[in-house]
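> Residues in the sequence shown are numbered consecutively from 1, following UniProt numbering.
These are calculated hints, taken from the structure and not from any lab test. Watch out, some of these pointers could steer you wrong.
As the list claims (entries may be wrong) - Pairs of lysine-lysine, DSS-like flavour, derived with a Cα cap of 25 Å:
#, residue 1, residue 2
1, 293, 184
2, 88, 34
3, 55, 313
4, 142, 227
5, 200, 181
6, 142, 293
7, 55, 82
Quick caveat, the model's predicted, so the values are computed rather than measured.
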Amino acid sequence: MKAIQLQQLVKGPDELTVSDLPDLEPSPDKYLIKVHAAATNFFDVLQIQGKHQQKPPLPWIAGNEFAGEIVAQPTATKSGSKFNVGDKVFGATLGTFATQVHVEEVALRPMPDGWSYAQASGLFYTAPTAYAALILRARAQKGDYVLVHGAAGALGLAAIQVSKALGMHVIATVNSDDKGKIAKQFGADYVLDSTKEWEKEALECTPNKRGVDIVLDPLGMIQRSLKCTRWDGRLVVIGFAAGEIEKIPTNRYLLRNVNVAGLFWGMYAEMDPDAVVSVWDALLGLIAEGKVKPMMYTEQEFVGLEQMPDALKLLASGEAWGKIVVEVPQGKESKL
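Start from the sequences, fold in the hints, and give me the full structure.
Here it is, written out as structure tokens:
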């Protein structure tokens, strides 16, 4: 098999290399899967540098999200496996920047009809995070006005689509005209320039300038968002991709009578697995109805693990939109 294995931590994506490793064997408790596409995440860039909270023992194979084809079921399972050999799936586990990977059943979902491996490979993290932020944390309802920051990113595009599918109005903030066009294409009702004073504009988008009902923030924009949040609004902290963790006086929450909630979707599998099932049931239903579509970046193709450094650098630059994916050729057709 081919894989991007780290023998030591690196300073950045340019130092990643592709290695030849022994093929994986069937596992007692995990599916053996042939990887056809691997998606990139910002935390992949942090992890290879040792800057992420999850620090696997060396050596380890990079990557956390993928889509592929099942080659072998868990050998210790006598009956009742959810997936069969040949099934197309997407999911998440450490070690996806490779041609093969072992994955537990709980971390797999069936690939949506009509979706390619590349399109499905970036679905596992972003879509449920957006849905959980809206429904589990913000208690969003039909008719709400939702302010989505970083709206042209994969999470933002998922949030736009889920909000619209559930009957909400979306105000999107982006940092360029091109990203604004993307946000509009995915359903945003209003697009605001995040490099300018957008707070007043956001107020004007709402009935009687009352303010937004919900804020979804993966960047670190809560303090500014309080200026355009209505009384009794709900704000969800999803991340700090802008680079700074905000320190906000709590009296601001009291005076505005708002709820500020945090979302760490990855912990739901451990702390509330029933919620994971319900979120995925709802999401896959929306996907089947065509209300949530692929969010894959399409302006540049990345084919072969040797192009993973370029994909990660583009992701880290903040210049792209959507989910950046690398297709992983198999067998003789591989360029590796």
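> Each hint needs a verdict: does it hold in this structure or not?
Each hint tested on the structure:
1. Our distance criterion of 25 Å between C-alpha atoms is met by residue 293 and residue 184, whose separation comes to about 14 Å.
2. As the CA atoms of residue 88 and residue 34 are separated by approximately 10 Å, the hinted pair is consistent with the 25 Å bound.
3. Between residue 55 and residue 313 the CA atoms are separated by roughly 21 Å; this keeps the pair inside 25 Å, and the hint holds.
4. A distance of roughly 23 Å separates the Cα atoms of residue 142 and residue 227; the hinted pair therefore holds under the 25 Å criterion.
5. Between residue 200 and residue 181 the CA atoms are separated by roughly 21 Å; this keeps the pair inside 25 Å, and the hint holds.
6. A distance of roughly 20 Å separates the Cα atoms of residue 142 and residue 293; the hinted pair therefore holds under the 25 Å criterion.
7. The hinted pair formed by residue 55 and residue 82 fails the criterion: a straight-line CA distance of about 30 Å is larger than 25 Å.
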